Each structure stands twice: as C-alpha cells, then as structure tokens.
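Below are the chains, spelled out letter by letter.
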Amino acid sequence: MYAQMVKSEATQDDPEKLAAFQARIDRGEKIEPKDWMPEGYRKTLIRQIGQHAHSEIVGQLPEGNWITRAPTLERKAILLAKVQDEAGHGLYLYCAAETLGVSRDELTEMLLDGRMKYSSIFNYPTLNWADIGAVGWLVDGAAIMNQVPLQRTSFGPYSRAMIRVCKEESFHQRQGYDAIRKMAEGTPEQKKMAQDALNRLWFPSLMMFGPSDKDSVHSEQSMAWKIKMNTNDELRQKFVDQTVPQIEFLGLELPDPGIKWNEERGHYDYTDPDWSEFFDVIKGNGPCNTDRLAARNNAWKDGAWVRDGLLAHAQKKAARKHAAE
Amino acid sequence: MTRDEALAQFLLRMGDNTLILGHRVSEWCGHAPVLEEDIALANTALDLIGQTQMWLGLAGEVQGMGKSADDLAFLRDVWDFRNLLLVEVPNGDFGRTLMRQCLFDAWHSIQLGHLMTSSDERVAAIAAKASKEVAYHLERSADTVVGLGDGTEESHRRMQEALDYLWPYVGEMFQSDEVDAEMVKAGIAPDPASLRADFDALITRIMGEATLTIPDSAFGHKGGRTGKMHTEHLGHLLTQMQWLQRAYPGAKW
Amino acid sequence: MKNEWPLWEIFIRGQHGMSHRHVGSLHAPDAEMAIKNARDVYTRRNEGVSIWVVEANHIAASSPGDKGPLYEPSESKVYRHPTFFDIPEEVGAM
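Protein chains in written order, with the working numbering: chain A, 444 to 768; chain B, 20 to 272; chain C, 209 to 302.
Because the hints were derived from the structure by calculation, they are not lab data. Some clues are possibly wrong.
[To be verified] Across the chosen pairs, the derived CB separations fall in these ranges:
#, chain 1, residue 1, chain 2, residue 2, range
1, B, Trp98, A, Gly599, 57 to 63 Å
2, A, Pro700, C, Asn254, 22 to 28 Å
3, B, Met135, A, Asp684, 51 to 57 Å
4, A, Gly701, C, His228, 31 to 37 Å
5, B, Leu94, A, Ala747, 40 to 46 Å
6, B, Ala266, A, Gly599, 36 to 42 Å
7, B, Asp96, A, Gly599, 52 to 58 Å
8, B, Ala212, C, Ile243, 45 to 51 Å
9, B, Ser138, A, Gly599, 40 to 46 Å
[Said to hold, decoys possible] In silico SDA-like pairs for lysine to any residue, Cα to Cα no more than 25 Å straight-line:
#, chain 1, residue 1, chain 2, residue 2
10, A, Lys486, A, Ala466
11, A, Lys625, B, Gly269
12, A, Lys635, B, Gln194
13, B, Lys86, A, Thr511
14, C, Lys244, A, Asp548
15, A, Lys760, B, Ala154
16, A, Lys634, B, Trp262
17, A, Lys634, A, Asp548
18, B, Lys86, A, Leu693
19, A, Lys759, B, Glu180
20, A, Lys625, B, Arg265
21, A, Lys759, B, Tyr267
22, A, Lys460, A, Trp479
23, B, Lys271, A, Phe692
24, A, Lys625, B, Thr223
25, A, Lys764, B, Thr223
26, A, Lys764, B, Glu158
27, A, Lys760, C, Arg247
28, A, Lys610, C, Asn265
29, A, Lys625, A, Ile606
30, A, Lys764, C, Trp260
31, B, Lys204, B, Phe218
32, C, Lys244, B, Leu221
33, B, Lys271, A, Thr515
34, B, Lys151, B, Gly76
35, A, Lys560, A, Asp656
36, A, Lys635, B, Ala270
37, A, Lys744, B, Glu46
38, B, Lys241, B, Lys271
39, A, Lys625, B, Gly76
40, A, Lys760, C, Glu217
No experiment lies behind these values; they were computed from the predicted model shown. Built from N, CA and C at the ideal position, the CB exists for glycine as well.
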C-alpha cells in the first residue's frame, strides 16, 4: 500500500457534530470538501492522500530507471506508458488533497524536505530487467489490494481518484506478470534475473502493507472514518495467498522457505519481513532514499525557471489582452 | 543504388529520427519541471516510438533481409544510423529539449504533409497517422517555446541560448543527396531543400512571438542522415539502448 | 503558494451527443495550456472529443447547508420522473 503508518490526528470538536459526522460515514454517505469535517479527519486525509501521491511520483523513478534500456520497442512503449500513468495517478491524488485546503506546491515541498513520506518500497533499487516485471506484478499487485477497497472510502474526491486509478491500474499488474513470465520462461540467464528480482522484492513488497496489526497504533480511528478499509495483516495475508500460486505457475522458487499452506487457517503461512529493516528505510536509510529524494529535488529546482517563465508569459498575455479591450 | 536501396535508406532516416528523438524525450520521464509536462513529454515520446515501429518495420520489409524494427533499432552500430544530428545531441535543460522539439516538429510536420501524398501507399499511410500526432507535438512545443521565450528574463536567456546552440544543426534537415534525388524521381518523398521556405516561415513566426533572435549564420553541421559522421553522443545513447539485446543475444523479451 | 500555476477544473465530452462531465483538475499557467494539459492528462485512453476548462476559483458552488432547501423540494415532485406513470404494456415503448 502506498500510504504506510499514517498517524491519525486527534480531534477536539463539538461531540454533537462529531457524532453526526460519524453517523453520515456509517450510513455510507460521502464527505465532500465543503462539508463540515473534524479537523483530525482533514489533517489525516491530507497526510494519507499526500503520501499516496508522493509514492506515485517517487515510484516513477525505479521503473523510469529502465525506460532507456528496455529491450524492445514495444517493451519501451509499455513501460513508458506505465510510468506516465503513475505521474497521472500522482496528479489525481494531489488534486484530491488540494480540495482539503493544501496546495500541490506545499505538499511537494514537504516531500522534498522530508516532512512527508512516501512508500518504503520505492527506496529499493531496480537492478535487472526482470525487476520491471516484478515491480508491476508484486508492487502494483500489493497497491491494488489496498486501492480497490479505497474506492469506497468516505472522502468523495479521494474515492473518485481511486476509481480512476484502479481503472487504469488493471493494466499495470498484468503487464508486469507478462514481462516476468517471458523472463521465467526464457534463457537460463533470464530465469536467473527473474528469480533474483523475486527474491529481492518479495519482503519489501510485504512491507508495503505496513507493520503488523499488533504494532500498528493508528488504525482504529482511520477505520472508523473509512479512510483505511482493512488492517495491514488482512491485506498482507490476502496478497500472499494470491501471489504464491502465481509464483508457482512461473516455475520460480518461493522467495521464503517459510511459505507453507496451512490447511487449518485456509491460508499460506509465511515469514514476517524484517521490521528493523523496514524502520531503517522509513527513517531514510534504505538503499535508495538519498538518490530518490535528490532526483525529485533536482527536478523541482531545475524546473523552477520553467514554471516561472510560463506563468510570467501567461500573465503578460492576459495583460495585453486586457489593454487591447 | 537501386530504388529499393534508396527507399530503405529514406525509411531508416525517418525511423532513426523518431527512434533517437523518442529515446531522448523519454529520458525526461520522472524528471520534468511539473507533473503536467512530465505526462505531456511521455505522450510525445510514445508517439515517436510508435512511429519508429512503423518506419523501421517498413525499412526492414523493403530491405528484404528478414529484419524486424527491433533488429534495426537494437542491433546496428553508430555508422548504420541515419538520423539527424539534431535529435542525438543531449537534452540539456528543459528549454533546450523543447527548442529542439519545436525545430524538429516544424520540419517533421512539413515533411509528413508531403509524404501523405507519396506515390508509395505504405509511406503515405504511415505519414497520415503520424501527421496527426505531430501536428499536436508542434502546437505544444511551439507554445512552450513562445511561453518561455516571452516569459521571465531567465527563461528568455535560456531559450535564446538553446536556439543559438541548436541552430547549426538545423541545416542538415534540408540537405539533399542521391537518396533524395531517387525519392523525388519516384514521387515517394519531396526534395529536402524544397521544404526550407515553409520551415523558415513557420520558425520565423514562432521565434518572433517568442521574442527570440534566429542566429544569422548559414553554417550547418552534417553527417547524421548520411551516416558519415555522427556526434560522440550517439554511441553512448546506443550503449544504453542496446545493452540487453547485445548482452543476451537471441533472448525473447 | 507564491508562483503556483492556477488550478483548473476539467470537463470532457466523452462521446458526440453527451454532456461535458467533470473528470478532475490540473494546474496550468493559462486556459490554452490547461486545455493542452487536459488532453495529455485526461484523454490518454481516447476518452474525449471536447474539453472545457474553468479556473477552479471561478466556480460558484452551492453551500452544503443549502442542500435541504435546494434539493428536497424536487424530491416530492415524483411526477417529474417517467417511472411515475404506468403505461400499459400493449401501448408499446414510450
């Protein structure tokens, strides 16, 4: 999931208003930007949608890393279209956040100076071409698991953004699986790449769902507000159950010797990711944190003159039109 | 040179232009000044890659040696490439990238307009599809050049620098050789030199609106479209683009 | 923020004969660029035949408190809806 460990804000509002607000949510009504909402709801949403948007934008980088090295023209076009979609998804989400009274530039600056986070997964590198398949398959697969239920989230603009995202996203996971399948069925070297990609990205993908429920302190309020729809462990289990047969179909080795079907539970058992690694990555010590933030900072800094230039031209043009009238 | 040999060369010139420029534009993905531009640049690159598949696909067909568009893109060396030097020079800043795009789009749109009436139906069909895409590319790149040229002091300065840097690469678009002579004779493509007047009129109007000064120099670098002498940059571009195909020959992707 | 491009609301006519529908928003320095950006952002999958853009701060909206007075009166006018009327099947499509 692209929003991890979003802290819910405490709310100190009129209890009567709060109760009425909660009743609306419980009835399944959508909250729209101009409706009354608790300050905590608004702040939590800004943080969550902002983090989600940042993840899409930073998420362009690991896959973008292979656009210029894609092995065929068709793969290049597919990958470029996919990474472009991520930019589009970031854009939809920033717009949803903006309805809550924060500007995209403000959110961007909070990403760039580290006040806001993005998903831990994008701090891992893409090292061989099979990673591109694995990212689409596993990372987008994990994201979809979270985004599909979020289409029913209580905040109207967020829900609508998710509907649009999910509609476009369905191609991402499929293209990923298709790409890694070619590798798994290819030459011994290609198969080695596929296995390597799966082994490296498996646990980071599991981390996307956030810490275990027993350590996740912020869930309850967000779930009551319907801005978080499932618990971390629920989604993680669902992801493992869905993915294991897909790994087997590829003929790849399971990336975790602990994966075993548990007849009693009706689910696969699996080994928990190394949570100390997760917290290291969140703190900024993942393999690519520095590079990712530097790339976004450079794009923003180097682009300032372009944004200013085009705006200045628009203002001159408007002034000339005004003068002519 | 037989007609088909000349046609194959001509098709490589068209396809290598879109291949190399599409590659350069795709380098921006994830790094553009604002999200809306990031998305727009990716659309341009996608169009160019799509056109490459058509041009190089047809080139392979005309060559008749069983080569696919991918074979031509990923398994030729620098001396086999027939693109303009203009499209292989590095992106530079966003201004230079868009200035290059505008200069290329202007030529490209005029060229495709002529190719739509080509005596070769296959060429005409590709041109008809591509020209719709390129009309939009030109609209967008020209607007951006005008906006940045007539923007702030800094954006104006950068755009003038971009134009000064790129102008010596413009002339190559209008040089003619025996390949072109053969194409003209067959009614397949126009003489490049004959496109210059339309190009100059278009670019003079755009640069005028952008308050930029077209350099007063007729000098033009050449060697790209004939393959005689590319820049040093092309080899590095190919090193990246062709890496997987070269390192793992025969693999299916 | 100081130099942020204004926000535009985007409306797209998906097919000939349909109304323009709100699809989302984006930033652009002016209306012309907003239309171009909308084409690039919101019609990547052939979604549109016509685009309207409106600067977000030019949109006047009803306030949520008015929801009752604005909409409830029409709820009682059920006869405005075609399903209010029973038409015998023999009459055919109407």
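How the hints compare with the structure:
no., hint, in the structure
1, B:Trp98 / A:Gly599: 57 to 63 Å, "59 Å, holds"
2, A:Pro700 / C:Asn254: 22 to 28 Å, "47 Å, violated"
3, B:Met135 / A:Asp684: 51 to 57 Å, "55 Å, holds"
4, A:Gly701 / C:His228: 31 to 37 Å, "54 Å, violated"
5, B:Leu94 / A:Ala747: 40 to 46 Å, "41 Å, holds"
6, B:Ala266 / A:Gly599: 36 to 42 Å, "50 Å, violated"
7, B:Asp96 / A:Gly599: 52 to 58 Å, "56 Å, holds"
8, B:Ala212 / C:Ile243: 45 to 51 Å, "36 Å, violated"
9, B:Ser138 / A:Gly599: 40 to 46 Å, "58 Å, violated"
10, A:Lys486 / A:Ala466, "20 Å, holds"
11, A:Lys625 / B:Gly269, "13 Å, holds"
12, A:Lys635 / B:Gln194, "49 Å, violated"
13, B:Lys86 / A:Thr511, "22 Å, holds"
14, C:Lys244 / A:Asp548, "21 Å, holds"
15, A:Lys760 / B:Ala154, "23 Å, holds"
16, A:Lys634 / B:Trp262, "18 Å, holds"
17, A:Lys634 / A:Asp548, "43 Å, violated"
18, B:Lys86 / A:Leu693, "31 Å, violated"
19, A:Lys759 / B:Glu180, "22 Å, holds"
20, A:Lys625 / B:Arg265, "18 Å, holds"
21, A:Lys759 / B:Tyr267, "55 Å, violated"
22, A:Lys460 / A:Trp479, "9 Å, holds"
23, B:Lys271 / A:Phe692, "19 Å, holds"
24, A:Lys625 / B:Thr223, "50 Å, violated"
25, A:Lys764 / B:Thr223, "23 Å, holds"
26, A:Lys764 / B:Glu158, "21 Å, holds"
27, A:Lys760 / C:Arg247, "22 Å, holds"
28, A:Lys610 / C:Asn265, "29 Å, violated"
29, A:Lys625 / A:Ile606, "30 Å, violated"
30, A:Lys764 / C:Trp260, "21 Å, holds"
31, B:Lys204 / B:Phe218, "22 Å, holds"
32, C:Lys244 / B:Leu221, "21 Å, holds"
33, B:Lys271 / A:Thr515, "9 Å, holds"
34, B:Lys151 / B:Gly76, "20 Å, holds"
35, A:Lys560 / A:Asp656, "20 Å, holds"
36, A:Lys635 / B:Ala270, "13 Å, holds"
37, A:Lys744 / B:Glu46, "18 Å, holds"
38, B:Lys241 / B:Lys271, "37 Å, violated"
39, A:Lys625 / B:Gly76, "23 Å, holds"
40, A:Lys760 / C:Glu217, "21 Å, holds"
In the structure shown, a violation is registered for the earlier hints numbered 2, 4, 6, 8, 9, 12, 17, 18, 21, 24, 28, 29 and 38, in ascending order.
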